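> Single-letter residue listing:
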Amino acid sequence: MSNAIAQQRGLGAMIWDYITTVDHKKIAHLYLVSGGFFFLIGGLEAMIIRIQLMKPDNEFISAGLYNEMITMHGTTMIFLAAMPLIFALMNAVVPLQIGARDVAFPFLNSLGFWLFLFGGLLLNVSWFTGGAPDAGWTNYAPLSTTSAGHGVDYYVMGLQISGAGTLIGGINFLVTIINMRAPGMTYMRMPLFTWTTFITSVLILFAFPALTVGLFLMMFDRMFGSAFFDVTAGGNEIIWEHLFWIFGHPEVYILILPLFGAFSDIISTFSKKRLFGYSAMVFATVLIGFLGFMVWAHHMFTVGLGPIANSIFAVSTMAIAVPTGIKIFNWLFTMWGGSIKMSAAMLWSIAFIPSFTIGGMTGVMLASAAADYQYHDTYFVVGHFHYVIVGGVVFGIFAALHYWWPKMFGKVLNEKLGHLAFWPFFIGFHLTFFIQHFLGLMGMPRRYWTYFEGQSLATGNMISTVGAFLMAIGTLIFLYNIVYTAIKEPQASADPWDGRTLEWSIPSTPPFYNFKQTPLVRGLDPLWIEKMEGRKGVTPAEPLGDIHMPNASVLPFLMSLGLFIAGFGFIYQVDHNAWFIAVAVGMGLTLGSMLTRSLKDDLGYHIHKEDLVEKGDGK
Amino acid sequence: MSHDDVLNPKQMPHDPEKATLEGKNKFIGFWMFLGGETVLFASLFGTYLALVRSTSGENTPEHLFGLELVFIMTMLLLTSSLTSVYAMYHMKNHDFKKMQLWLGITVLLGLGFLGCEIYEFYHYIHEYGFTFRSSAFGSAFYTLVGFHGGHVVFGLSWIVALMIRNQKRGLNLYNAPKFYIASLYWHFIDVVWVFIFTVVYLMGKVG
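Chains as they are written, first to last, in UniProt numbering: chain A, 1 to 619; chain B, 1 to 207.
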């Protein structure tokens, strides 16, 4: 039953252990590895795009393949790389930060992961079965509804499955944070990363169902002959745009907010100061989450919603700059007068502040509805959202990985290599995307396969491509660092950064039950309070007792596999009715597993306190 | 310490569905899930309202809908919500037999509703030639009402599965939360129907 025993039985047992695990720390590993894998695929697609645009009249890839590249680059990076990498961090850190032994729903946690993975795999199978989706990551109708082949069908089914996984993950973290906090951990004592995870989960809960519906309508139109987006039968394509962006705009805050939290924790730790304006940070997070639902139509200024709608959405969009500005200043004030240690994690965090601010500034420019008619669908937009997503999300993921790597894998990533990876990536990032604003202002449209000689776009694009290669080099150095660290670096201590929050009060890596005794939280930055009072660890809130643990289960894997099989059935039943067999088999597997889960009691097991004393690895 | 002792105490607490941490987690988690479901149905309602005038031929809402049948369906479903409240009332009083009885009545009423809905769809398709593919209105109507119908099917299967599974062993702290959230789901289905009744049928007849 114990995970430690299973690990000693070789590779097969280890794989089985990971397939059936419900331990949030192992699920974090799964998310990290698969998210990292998709990040590399998405990065490869980006490189192909940049090589194609390197010079005028280039024919490195065909126009059709280029459409598939840009679609899959965007879709992969958002849904299959950024989201799971964030979920990896949440899984690894949040239960530890609130002093919990696991998440509220360990079984659902595993289900969320497997749904995401099988959805992502389904989407990428399209490369080998006659063409990937090619209607852009936004998949606007009627381009998507009339796209030939099965590419867009893969988009619809893949995102539907992985989206369900994300929704489940969001609910899981909401309940975990509401119900599983250690004694004394009030809401206003939660570390910022936990707070932002909480708000992010709220956004996931209320944003993803809109995508679910949009994808269902798209599925019905493409596979079952309905007429939602078919104008000749009275349909309306704008419905897709609304549903997509009602989901899509909160989605960008879903991506950035957790990293805002990570930056807050990192900057506070490496400045040796309490986070400046903690409560303002919390309320700014809540406000961003709230406003995030009121701005979706700023993606649709040129649709023709009319001046009143455009004005309202322009103003609400600009309003988001206020809480974001509060955050920027609070990070600066946290560092001010602090004893700053320039670790790799801190380096990424400091680089994030100006980079993201530039992205925020162009965001306000884009929010001006009248001016947006000029920017819309140009490289200015591409430059803008890469500044916030790479400059915010990717920098944040790198920072957070450096920061929490010892907690996840028991070793501190090599600092020298960390710095060495940072500089090419940082310089390459600005080289790639800064110039794209100007390319856009000069009239270069996004999503075009190529451009002509003599349009003055050649130099800018060349610079952009050079930058992309530098980013690739930075990424490769980071990957090398992972291997190097695994082989050469020594075991990390429980608290390598002189941390402030609960995750640093237990060993790196933590035992599978996390806390031998649930900690007592006596204020913000609980570990720091104990250190200041001269204690070694955190005061326990309970005597040593039996620990209740959940059982491992293969059902989440089977449920997701079922939907994966059914996905193929839905996609190909258009060609031949026999494919409904796959639908029946897949749905049977999924529903059968769900029924098994409902009917078979799963009570978990107990670790007895005598065993805890013997092992003595609690702390 | 075995689970049976914990889950089958001599004296059941007043709120057996929230007596364990797992129960509390399920309770809150399911409310959250229903929040997400609300957005799901809101999106479907929005789509329906955008496409309700995109009819073809004489198959308009005014022409198609008959309020008599819909009234019966509404009564069946509203009553089934009430009977599921009775079931939960008996759960809190630890009377398992009566809980099963009222859940059984709930299921029968739900099946009655489902029968009416299937008849309604059959009627539209065969008498009027009004299908999922005939117009954008048709697509939106069948999707919205069909999603609700799908929820009814799922809810009924869920309640029946729980009833059969626990028939012999009675109520304990492990299955009480399961019964409770199944009844929450059933209430949610009922609330959605109230909106469908208003937005689709009433507004369709007079709007």
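Please keep in mind that the hints were generated in silico from the structure rather than gathered at the bench.
Mixed in with the good hints there might be a few duds.
PhoX-like, lysine-lysine: derived pairs with alpha carbons at most 25 Å apart [claimed, not checked]:
no., chain 1, residue 1, chain 2, residue 2
1, A, K341, A, K416
2, A, K600, B, K168
3, A, K600, B, K24
4, A, K609, A, K26
5, A, K600, B, K205
6, A, K272, A, K531
7, B, K10, A, K600
Listing some non-contacts, in silico: residues in chain A with all C-beta distances to chain B over 10 Å [to be verified]:
no., residue
8, N58
9, T378
10, W528
11, V585
12, L612
Chain A regions said to be covered by chain B (calculated; three or more residues, Cβ under 8 Å) [as the list claims (entries may be wrong)]:
no., region
13, 159–172
14, 205–215
15, 223–230
Predicted model only: the values in this text are computed from it and were never measured.
Glycine included, every Cβ here is placed at the ideal spot set by N, Cα and C.
> Taking the hints in turn, state whether each one holds.
Okay, the hints, checked on the actual structure:
Simply put, K341(A) and K416(A) have alpha-carbon atoms about 14 Å apart, close enough for the 25 Å limit, and the pair holds. This hinted pair checks out: K600(A) and K168(B) have alpha carbons roughly 14 Å apart, not beyond 25 Å. Annotation: proposed proximity of K600(A) to K24(B) holds, straight-line Cα distance about 20 Å (limit 25 Å). A C-alpha spacing of about 23 Å is found between K609(A) and K26(A), which places the hinted pair at or below 25 Å, so the restraint holds.
Restraint check: the Cα-Cα separation between K600(A) and K205(B) comes to about 47 Å, which exceeds 25 Å; the hinted pair is violated. Distance check on the hinted pair: K272(A) and K531(A) sit about 13 Å apart at the alpha-carbon level, within 25 Å; holds. For the given pair, K10(B) sits about 24 Å from K600(A) by alpha-carbon distance, which is consistent with the 25 Å threshold. At roughly 41 Å, the least C-beta separation between N58(A) and chain B is larger than 10 Å, which holds for a residue marked as non-interface.
Once the 10 Å rule is applied to beta carbons, T378(A) is consistent with being away from chain B; the minimum gap is 30 Å. Every CB of chain B is more than 10 Å from the CB of W528(A) (nearest about 29 Å), matching its label as outside the interface. No Cβ of chain B comes within 10 Å of the Cβ of V585(A); the nearest lies about 19 Å off, and the non-interface call holds. No Cβ of chain B approaches the Cβ of L612(A) within 10 Å, the least distance being about 15 Å, so the stated non-interface status holds.
Only when three residues or more bring their CB closer than 8 Å to a CB of chain B does the claim for the region 159–172 of chain A stand; here the count is 3, and the claim holds. Counting residues of the region 205–215 of chain A whose CB falls under 8 Å from any CB of chain B gives 9; the rule of at least 3 is met. Using a Cβ-Cβ cut-off of 8 Å, 6 residues of the region 223–230 of chain A lie near chain B, which meets the minimum of three, so the contact claim holds.
The structure fails to meet hint 5 from the earlier list, while all remaining hints are met.
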